[in-house]
Amino acid sequence: KAGVTQTPRYLIKTRGQQVTLSCSPISGHRSVSWYQQTPGQGLQFLFEYFSETQRNKGNFPGRFSGRQFSNSRSEMNVSTLELGDSALYLCASSLNGGVSNEQFFGPGTRLTVL
Amino acid sequence: AQTVTQSQPEMSVQEAETVTLSCTYDTSESDYYLFWYKQPPSRQMILVIRQEAYKQQNATENRFSVNFQKAAKSFSLKISDSQLGDAAMYFCAYRSPNTGNQFYFGTGTSLTVIP
Chain A
7 KAGVTQTPRY LIKTRGQQVT LSCSPISGHR SVSWYQQTPG QGLQFLFEYF
57 SETQRNKGNF PGRFSGRQFS NSRSEMNVST LELGDSALYL CASSLNGGVS
107 NEQFFGPGTR LTVL
Chain B
48 AQTVTQSQPE MSVQEAETVT LSCTYDTSES DYYLFWYKQP PSRQMILVIR
98 QEAYKQQNAT ENRFSVNFQK AAKSFSLKIS DSQLGDAAMY FCAYRSPNTG
148 NQFYFGTGTS LTVIP
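Chain order of the listed sequences is A and B. Residues in the first sequence are numbered consecutively from 7, following the numbering used here. Residues in the second sequence are numbered consecutively from 48, following the numbering used here.
These are computed hints drawn from the structure, not numbers from a lab. Even for Gly, the Cβ is constructed at its ideal location relative to N, Cα and C. Fair warning: there could be bad hints in the mix.
[What the hints assert, rightly or not] Under 7 Å between C-beta atoms, here's a sample of chain B residues computed to sit facing chain A:
| hint | residue |
| --- | --- |
| 1 | Ser69 |
| 2 | Tyr72 |
| 3 | Arg90 |
| 4 | Met92 |
| 5 | Arg142 |
| 6 | Pro144 |
| 7 | Gly147 |
| 8 | Asn148 |
| 9 | Gln149 |
| 10 | Phe152 |
| 11 | Thr154 |
Just chain B, same shape as in the assembly:
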């Protein structure tokens, strides 16, 4: 089974600063997608960013960017200019058409933004 590991249960960042959340995964597939989801206290999962494995260019969405290291099976999320609204639980996730398209989620990183 695919495994996704987030080794940082909790992280904190000063408002306006930059923080990086780590994620590693294990797979033998070559065709897959990686995602970062945000779950605020409202519990609604919100897609932050996604990366297709066949694309070498790192995905970017405004203040959010990833560092995708395919050989190392690493997929970190960088949040620049952190805002109070970024405080949430962040989940790294993996999907592949060869494993039923279901999400495999990491255990999450709780991000606190300090004013």
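Same shape as in the complex, but just chain A:
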């Protein structure tokens, strides 16, 4: 069974631009969560999508948004990029997002904002 895939793996943008990251979950998984990892703030929860609906959201500004498609693939978008948005963005998928479900992480997208 294929694992969680994230594209692109690396991305360089400049301040003020916007970016879209993609996450394809494991086949059959309907929950996708996104996390931001930075040296200063560590791993922080962005949001979770289940059956095309945002079910939970972390404490990030409205510039961070996401969506999920009917095939469970998810995208996250960051508008008006700031230097502080430079980070590793991880997505994780699970069957239904329940706490007893194992979450499988993707390899991440490394975003650099110049």
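For this one, chain A is given, so just place chain B on it according to the hints.
Same frame as chain A, but now just chain B:
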């Protein structure tokens, strides 16, 4: 908000020896899960072990075991017979159905294995 604290930013261990990584957490919930994840240089997060709070028995997965002290809110990871492939960043994490099922991660412990 739930907090997870890892007080050891870096640890080292000789190959074949045993090392213990510490983690404490703060919660008022009674239903929760605790996890240890490994993040090697490839950056892929890999589940090492998990513990359900209602289970008193400590979880074990091959060379990895935990010491779960619920009253003390402590959750340490013991790695026995350390191998070079164990070198990685280790994150302690907490999840609860009453807090949206999201992970709350500690700041991580970087483990070096010395040949």
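Hint check:
This hint is violated: Ser69(B) has a C-beta 16 Å from the nearest C-beta of chain A, more than the 7 Å allowed. Using the Cβ-Cβ criterion of 7 Å, the hint placing Tyr72(B) at the interface with chain A is not satisfied: the shortest such distance is roughly 14 Å. Look at Arg90(B): its Cβ gets to within about 5 Å of chain A, closer than 7 Å, so that hint holds up. Because the beta carbon of Met92(B) sits about 4 Å from the nearest beta carbon in chain A, less than 7 Å, this interface hint is met.
A hinted interface residue such as Arg142(B) counts as satisfied when its beta carbon comes closer than 7 Å to some beta carbon of chain A; here the least separation is about 5 Å, so the hint holds. For Pro144(B), the shortest C-beta to C-beta distance to chain A is roughly 5 Å, which falls under 7 Å, so the interface hint holds. At a threshold of 7 Å, the smallest CB-CB gap from Gly147(B) to chain A is about 4 Å, leaving the interface hint in force. Checking Asn148(B) against chain A: minimum C-beta separation of about 5 Å stays under 7 Å; hint holds.
About 4 Å separates the beta-carbon of Gln149(B) from the nearest beta-carbon of chain A, less than 7 Å, and the hint is met. Given hint, Phe152(B) at the interface with chain A, holds; its Cβ is 4 Å from that chain's nearest Cβ, closer than 7 Å. About 5 Å separates the beta-carbon of Thr154(B) from the nearest beta-carbon of chain A, less than 7 Å, and the hint is met.
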